[in-house]
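Q: Residue numbers (this note's numbering), protein chains in the order written: chain A, 7 to 403; chain B, 7 to 403; chain C, 7 to 403; chain D, 7 to 403.
Since the hints were derived computationally from the structure, they do not count as laboratory data. Watch out, some of these pointers could steer you wrong.
Identical copies carry no separate label here, and so any pair may be met within one copy or between two of them.
In the DSBU-like style, the derived pairs of lysine-lysine whose C-alpha atoms are separated by at most 35 Å in a straight line are [to be verified]:
1. Lys-253 to Lys-201
2. Lys-201 to Lys-252
3. Lys-158 to Lys-201
So the chains spell out like this:
Protein chains: 4
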Amino acid sequence: MADTTTTNGRVRIPRDPSDDYTQELAAARRAFVQERTGTELRHVGHYSVDPATVQGNIENFLGVAQVPIGLAGPLHINGEHARGEFYVPMATTEGTLVASYNRGMRLLSESGGVRTTVVEEHMQRAPVFVLDDALEAREFGNWVDERFADIKAAAESTTRSGQLSYIGQYSIGPLRYLRFNYTTGDAAGQNMTGKATLAACEWIRANHPASPRYILSGNIDTDKKHSRINMLLTRGKRVVAEATIKKEALQRLMGVDTETLFWARQIQMAGSFLVGSANNGAHAANGLTAMFIATGQDVANVSEAHAAVSYTQLLPNGDYYWSITLPALIVASYGGGTGLATQRECLEVLGCYGSGNVHKFAEICAAVVLAGETSLSSAVLAGDWVSSHDQLGRNRP
Amino acid sequence: MADTTTTNGRVRIPRDPSDDYTQELAAARRAFVQERTGTELRHVGHYSVDPATVQGNIENFLGVAQVPIGLAGPLHINGEHARGEFYVPMATTEGTLVASYNRGMRLLSESGGVRTTVVEEHMQRAPVFVLDDALEAREFGNWVDERFADIKAAAESTTRSGQLSYIGQYSIGPLRYLRFNYTTGDAAGQNMTGKATLAACEWIRANHPASPRYILSGNIDTDKKHSRINMLLTRGKRVVAEATIKKEALQRLMGVDTETLFWARQIQMAGSFLVGSANNGAHAANGLTAMFIATGQDVANVSEAHAAVSYTQLLPNGDYYWSITLPALIVASYGGGTGLATQRECLEVLGCYGSGNVHKFAEICAAVVLAGETSLSSAVLAGDWVSSHDQLGRNRP
Amino acid sequence: MADTTTTNGRVRIPRDPSDDYTQELAAARRAFVQERTGTELRHVGHYSVDPATVQGNIENFLGVAQVPIGLAGPLHINGEHARGEFYVPMATTEGTLVASYNRGMRLLSESGGVRTTVVEEHMQRAPVFVLDDALEAREFGNWVDERFADIKAAAESTTRSGQLSYIGQYSIGPLRYLRFNYTTGDAAGQNMTGKATLAACEWIRANHPASPRYILSGNIDTDKKHSRINMLLTRGKRVVAEATIKKEALQRLMGVDTETLFWARQIQMAGSFLVGSANNGAHAANGLTAMFIATGQDVANVSEAHAAVSYTQLLPNGDYYWSITLPALIVASYGGGTGLATQRECLEVLGCYGSGNVHKFAEICAAVVLAGETSLSSAVLAGDWVSSHDQLGRNRP
Amino acid sequence: MADTTTTNGRVRIPRDPSDDYTQELAAARRAFVQERTGTELRHVGHYSVDPATVQGNIENFLGVAQVPIGLAGPLHINGEHARGEFYVPMATTEGTLVASYNRGMRLLSESGGVRTTVVEEHMQRAPVFVLDDALEAREFGNWVDERFADIKAAAESTTRSGQLSYIGQYSIGPLRYLRFNYTTGDAAGQNMTGKATLAACEWIRANHPASPRYILSGNIDTDKKHSRINMLLTRGKRVVAEATIKKEALQRLMGVDTETLFWARQIQMAGSFLVGSANNGAHAANGLTAMFIATGQDVANVSEAHAAVSYTQLLPNGDYYWSITLPALIVASYGGGTGLATQRECLEVLGCYGSGNVHKFAEICAAVVLAGETSLSSAVLAGDWVSSHDQLGRNRP
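Whole structure, please, built from the sequences with the hints as guidance.
A: See the structure below:
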């Protein structure tokens, strides 16, 4: 039975502690919403996902957001893990986005495809220990270094797939921030690393003579927040996509010359640097968000994942070497939302669902981002940026 | 008829230029996917949204992502525009998230509610003009200042709701970056400001003696990218949510003392500052992303919107003043994806669909973020962060 | 008589409140040092500056640091204010520095000289007002905008040469940071703006109904600290130096090709962006520090002044356009240390001492920085960076 | 004989390649300046330093800048290396500075003194290797890791005191930035690390199968430039100074309450974070610059050294714990300008000249910075900031 008690005049949302993930409870909550706000959740209540399967992904479930998916591709990738032609499901409500990525994919494919590779991977949890003074904090840091094997054992005792790679240390006054870096298999790993690091911290507290106080996050992880430390030291996967754009193909498909692109690049890099941007390219966030929603990634990670460094060179023959490096791509092929109904289907379209596929998926993400960079950067210069949005992005009465 | 031609060995996605937004075309594309990849898009093909309505929001539509929505609330808000008890639909696949925000809402409500207000609003497009040297660039800037009225007229001729507030100017070498700042009514306004600024730039080119070359974006907008300029000068809405947390309520509901929270706050601010974080708080991205997906916002804007500055003080009576300032909250109550089937319903639940509601919606967003800050910050200190994820976030076989 | 009393066992430095700026007191303090530390200040006590003239520049004067000055030049400048051939006194103890800048000056001079101009100027003091909540803070901001004329009058009543240009406003929670921007004539202006802003704040407090509490600096000035806001909005002078380097001259004098320089530039910009550098060029700090020490500038301002944005393009004919923009060059031709004995002489060598010369001096600074950029960037590529330091920078037994 | 030839109409500064460091050449250059600019360098030509001793520190020597030195102290330090009462020579032309630091020293001394310690040390040179693509760059990185012992041997073959600690690696596209981290004994070490890293890079080029191209600095060192990577990973010494300020002493000496200081601290931290400041404290640059000039440090390093993180807590008894962490303090007790006439004397006053003293000197620097923080922060709140500058900083007719 739905539990709609009122406490202190506060009307509570219906729940059933014994089994909250049923069609009935979802319907009861939609009815509750209608009663409280007058809004009938007709479309929200239309779904094919089984409520029983969303346990672990949501609380107070009452239906779904239907986010339109468009298909882009094929995109030719010559990656370390992703190889071949890919059709990419992108969930978005921003008109023009799919069309724009699509034409970038064509350009890249006609230029011989995209090379991709994951160059580094680390997922973090970063507790902070509070010592009596800076000298003790330094000595504590040395103590931690010396006990790395024990600490690693304590951390890894909590997880099958997580492995502690190294502990970065950062001192401020009497504080010692320890940034635990893990590999996390096919999962994104935020929960796994939280649990493992808690075990490690408890081991430290139990074994260090001072039994120092700690906080499980000192805010340098930096979870769900862009930061310079993540750009530098990688969070999730550090992935590179690179391609050599044919001068002829760029002119034919985008109406822009490679010289012009490179000239403009100097100007955009100066601007990005001046304003302290998280990304000196165009719009990695667009493609990543659309893929993240479609494939059940934790979409809030776009805050971190959208950071990027573009590096390009104009080649002597007029072709254009273009690379993009994503230093904080947090993705999973397993766990989280990846197993839900539509999300799993979309991962399967990419051949990326389940164990052993996370690097392949990361590579596809980076390749898609590069496609979007070529398309938008060209549109800005060719003058069809505004006109295409006018044509494809009209969505008001 | 669907158009599945092959060009240069490239198999193209089915399209029908005459009417691409139909059930048939969507089905044809799902069939195409199945043929090319072997994946049947059964769940993706299950939706109630009418394909005809997604024109302007997506291209190559083939179905939807079903993202689970959970309900949180009530949240008591004493805002300038948002007033009363709100139940908040949150679309996410991250277990624990809804539950955590929910308990934060309870704490805030029991502490007398959240005050909210939009303190500033600006949406930008930032072209760059290329002059012969720095001196000419400076003089060009003066010329622009003197013609502000004409430039404003040119820009506003393209839009009903956009208004040009001011043009920020930034010099690098011979380059003059002009950052056009607009109010954009109830729309987020990226397209509107692009179109208006294009008109303004064309006016400038036609009227300035040097007819200088320009690029419509010099990358300091900074669209879909976190940046320091956005934090400083606002992008979208700058919104503040603030509350005075009762010492007693925090202890009772969260198991933490306000003194402990403030002590930890010093440590977390030091950490955030050290690592160059976009946000010195906990996790604004989580709540914003869930609300953005549910309500049809452009979710890629989380890259910008997640930036925040928390400012708190421990009061003499032991209560805890807590504010969060979101300097780059990009939201709409109209246009974009807000009118789609489930998205509109969710906006209506908040009483925020359509004209005249964007400030109310922005205030609710900020209040929700504050709720999440109180909950996570407390969980980290009370030691139930990991255990609650273990209990609510298990989502693997 | 020197006053060397002991308080609480604390031996105090000799002082004479009636006339502390004499040879006798300086000698007494040197004697005190010798007595307390055993160090005879023979060289420190050797100076020609009259102790009476350092009042207002130093307290507890006991002698001078003799910092070696080397001469570089001539540097050909075609500036807005600086025009002709300049010989530049540089005070440093870093071997190779003068030689390196000197060869850069030759390259620039042989390439037709440097164009320079001051494109913007603002000196700041940034108080913060504390209101009851964010809404009041916003309304307070509007109130300030409406009273700008009165506030300006209050501020300018304290100074002959300072003029209030505009007040930037930044909101965080209930706080309203007001960033007062002034022009300050030929002075650097930190004290002048402090005094003027204090008067303005007192006027505000006296006239605003809430009589709000304020702090004269909320740390966003940001005095003596590099910051992004200073790079964006200028602190002191924003100065540009630009030149077109002849391909032939670069090869002949530096042993490097312009193509190689531009190729390397892409790599260095990527690196600078990645690591969050205050300057995407080579080493503005070196030249500026040497000039600041020689000419009596407040050398601590190097912390801010060293920020820079380099913007370059390889021209079709193989020549190399090179600009450097210094967004926070804080300099004076009058006041501060500029009137002291050696400092004034060095300013006079540049024709920059006294009223009306600060823009000229700022332009020379920027031109010198550009010279240093060309020399070091070339040395890194030509392979003589290490060897030249080995040859010129050996300074140990 | 002085060589004043004219090349291409360019009048060259007199030099004597056979022996350029003599009184005669210095005088010839002063005469040359007078002839070219009309300025007699009377005071610049007054010095006691022997021209022969400045070889390796300067080129084209013609005299000295006489920078006034004031004495502050005593400052009681309970450091790891610096212990006892110190009198500090500070070279500056900014009135009030010495007085302000002096009263901060008194406050700290009366509060029991300052604890100081060096918690980390690294000096860097950061070459970048250019590979064919990202995958090769990653594999190259692994190759480097595996040959660390050989690379270390190659690097250390060039230096007696430098030791290679570790090589940080950072990937962008096909680029692999290697950040060599050294300890450098009592020297600052920029030249030493440049030379050692050159040798290491040459070893790599000779031994790696691809013999990859490299640039000796990819601009992530980041030499003479503030950067986030330096704050995070330390450049030079990472030094902490900490003290517990007595509530009573602060009130008595500064006229401010510790509660007020802590309240204001929250506001200043919010401001610093918002604007992207290199330092969330007050003005480390002032004290460091004055000490650097006095003691022959490379003053341009103030650009990096002024970065700081303040971390404070109000204690239950009302006392105020205050720490400052300098993450990039680049100092030497030997080499560079430390051995020059006045510079050496000033180091000797602190008992810091020569081998084995660099940690002691670093600790004193940090303690002095903390003294300045307490004094200025209090002055801003007590309202005597402007009045004291008005009293002590008047230096114009």
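Q: Flag every earlier hint the structure violates by its number, smallest first.
A: none
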